[in-house]
Amino acid sequence: MAADPLIRVTDLSRSFGAHRVLDGVSLDVRRGEAVALLGANGAGKTTLLKILATLTRPTRGRAEIDGHDCVRQAEQVRERIGVVGHGAWVYDDLTALENLTFWLTLGGRRPEPGELQAALAEVDLERVAGDRVRTFSAGMKRRLALARCALARPRVLLLDEPFGGLDPRARKWLEGRLEAFKRDGAALLLVTHSFGRELGIADRVAILAGGRIALDSPRAGLAPDDVQRLYAAHTEEAP
Amino acid sequence: MSYARRALVVAWKDLLVERRSKETLNALLFFSLLLLFVFQLALGPDRERLASVLPGLLWIGFILSGLLALGRTFLLEREHDCWEGLLLAPGDKSAIYLGKLAGNLVVMVAVEALVLALFVLFFNIDITGALPGLALVIGLGTIGLAAVGTLFAAMTAHLRARELLFPVLFLPMEVPVLLGTVQATEALFLGEPLSAVSHWLQLLLAADVIYLTAGILTFDFILEG
Numbered sequence: 001m002a003a004d005p006l007i008r009v010t011d012l013s014r015s016f017g018a019h020r021v022l023d024g025v026s027l028d029v030r031r032g033e034a035v036a037l038l039g040a041n042g043a044g045k046t047t048l049l050k051i052l053a054t055l056t057r058p059t060r061g062r063a064e065i066d067g068h069d070c071v072r073q074a075e076q077v078r079e080r081i082g083v084v085g086h087g088a089w090v091y092d093d094l095t096a097l098e099n100l101t102f103w104l105t106l107g108g109r110r111p112e113p114g115e116l117q118a119a120l121a122e123v124d125l126e127r128v129a130g131d132r133v134r135t136f137s138a139g140m141k142r143r144l145a146l147a148r149c150a151l152a153r154p155r156v157l158l159l160d161e162p163f164g165g166l167d168p169r170a171r172k173w174l175e176g177r178l179e180a181f182k183r184d185g186a187a188l189l190l191v192t193h194s195f196g197r198e199l200g201i202a203d204r205v206a207i208l209a210g211g212r213i214a215l216d217s218p219r220a221g222l223a224p225d226d227v228q229r230l231y232a233a234h235t236e237e238a239p
Numbered sequence: 001m002s003y004a005r006r007a008l009v010v011a012w013k014d015l016l017v018e019r020r021s022k023e024t025l026n027a028l029l030f031f032s033l034l035l036l037f038v039f040q041l042a043l044g045p046d047r048e049r050l051a052s053v054l055p056g057l058l059w060i061g062f063i064l065s066g067l068l069a070l071g072r073t074f075l076l077e078r079e080h081d082c083w084e085g086l087l088l089a090p091g092d093k094s095a096i097y098l099g100k101l102a103g104n105l106v107v108m109v110a111v112e113a114l115v116l117a118l119f120v121l122f123f124n125i126d127i128t129g130a131l132p133g134l135a136l137v138i139g140l141g142t143i144g145l146a147a148v149g150t151l152f153a154a155m156t157a158h159l160r161a162r163e164l165l166f167p168v169l170f171l172p173m174e175v176p177v178l179l180g181t182v183q184a185t186e187a188l189f190l191g192e193p194l195s196a197v198s199h200w201l202q203l204l205l206a207a208d209v210i211y212l213t214a215g216i217l218t219f220d221f222i223l224e225g
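As given, the protein sequences belong to chains A and B, one line each in that order.
For the first sequence, the residue numbers in the working numbering are 1 to 239.
For the second sequence, the residue numbers in the working numbering are 1 to 225.
Think of the hints as simulated: they come from the structure by calculation, not from any bench.
Be aware that one or more of the hints could be misleading.
What the hints assert, rightly or not - For the chain B half of the interface with chain A, some residues (derived, Cβ under 7 Å), not all of them:
1. S2
2. R5
3. R6
4. A11
5. K13
6. L15
7. V17
8. R20
9. S21
10. A27
11. L29
12. D81
13. A89
14. G91
15. S94
16. F119
Said to hold, decoys possible - Some residues of chain B that are not near chain A, with every Cβ distance over 12 Å (derived):
17. W12
18. L41
19. L76
20. A95
Beta carbons: idealized from backbone N, C-alpha and C, even for Gly.
Chain A with its partners taken away, still in its complex shape (with noise of 0.2 Å):
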């Protein structure tokens, strides 16, 4: 696994107005890697995943995908990422299979036959595949997400609170396809503001305070006590 890392990021700054989000900001994640990334509210890192998704620019340093520079070649970038953020990217009144047929074509990609049905038994929604997304759970329509994402065949996958809002038998199962993801030699970033299932993943743990990595350490070791510790020392917030 001692190959370059697919996500790279090197010196990142970036402000709103006077206010400073990121202030030199450096990680990187390998392939097969997940590294959870911890943090108050407001402390960036919702800022740090769109500057890797190519949706923000950093004001200042640099973020790399694959070797691919976020700014200069975010289509590349693109093509390379998949990203599961607070919205499912769903529409309500298509069907399951309708909503990856549509993302996977505007992808630039043709379906293969009975490619959309696989990836929709993945995750478990191969009884609903015709039924409109309107009708769907909370976590159904993140298991859809992950479906959408799991199509475009992504190397780096960038997942803003990953497991809210779904039940426990939903998060066990989410927790086995990231395991999947890793094996097959995907790089996770997980955001997160918990210290439940994601830590479960994680090969190491990085801690956002004050616009740095104040901390990024392996996980193996660390207890969820120890995090939980840890993270009030850095944040002085209570988990």
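Given the coordinates of chain A, work out where chain B should sit on it, guided by the hints.
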């Protein structure tokens, strides 16, 4: 082929959502009907007066319903948090513009056909002879309206005052289109041949080409914000 497929899938998605939700179509139909009632009550049965104002009224009906339809073009993406998805889709973003434009054209033409039929019914006019020419004028005019409207709808989608800004930006840009369509429609209603309005058709065609080209070339920048 991928470019055309991407544009088509955007139009397919928009039309499918509209067919199922009927949000825009229902509102436009009621609005058009209301507009016709107002016109009918305001103008009364004076046929001479009607003949001189009917082309203008017809296009006021088209442009007001168009304003409502076009202004909603990107609200669907906002309401479903899909804007970022469109932005992150690899490939030339102008395919999204053309897809959105095609979806708008279908909805607008459907509403315009109904408004025209109701006009004929409400004002008891005979447009049988003028229909082929009228179809051409309406087609060219609608492309001009939709090309600018789709672009400005994307531009104003994230603004708080978009309901105000959209018509303020849109209507001045449409002056050449309105001038050409109203003049050509008036001449056709008076029974003049299509050749008599060829200069207006040329103006409409030129406006369409300019607006479409501008839309295709600038949409990427507008979407990226």
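Status of the hints after comparison with the structure:
no.: 1; hint: S2; result: holds (5 Å)
no.: 2; hint: R5; result: holds (6 Å)
no.: 3; hint: R6; result: holds (6 Å)
no.: 4; hint: A11; result: violated (11 Å)
no.: 5; hint: K13; result: holds (5 Å)
no.: 6; hint: L15; result: violated (11 Å)
no.: 7; hint: V17; result: holds (5 Å)
no.: 8; hint: R20; result: holds (4 Å)
no.: 9; hint: S21; result: holds (5 Å)
no.: 10; hint: A27; result: violated (16 Å)
no.: 11; hint: L29; result: violated (19 Å)
no.: 12; hint: D81; result: holds (2 Å)
no.: 13; hint: A89; result: holds (5 Å)
no.: 14; hint: G91; result: holds (5 Å)
no.: 15; hint: S94; result: violated (13 Å)
no.: 16; hint: F119; result: violated (31 Å)
no.: 17; hint: W12; result: violated (8 Å)
no.: 18; hint: L41; result: holds (37 Å)
no.: 19; hint: L76; result: violated (7 Å)
no.: 20; hint: A95; result: violated (8 Å)
Of the numbered hints stated above, those contradicted by the structure are hints 4, 6, 10, 11, 15, 16, 17, 19, 20, listed in ascending order.
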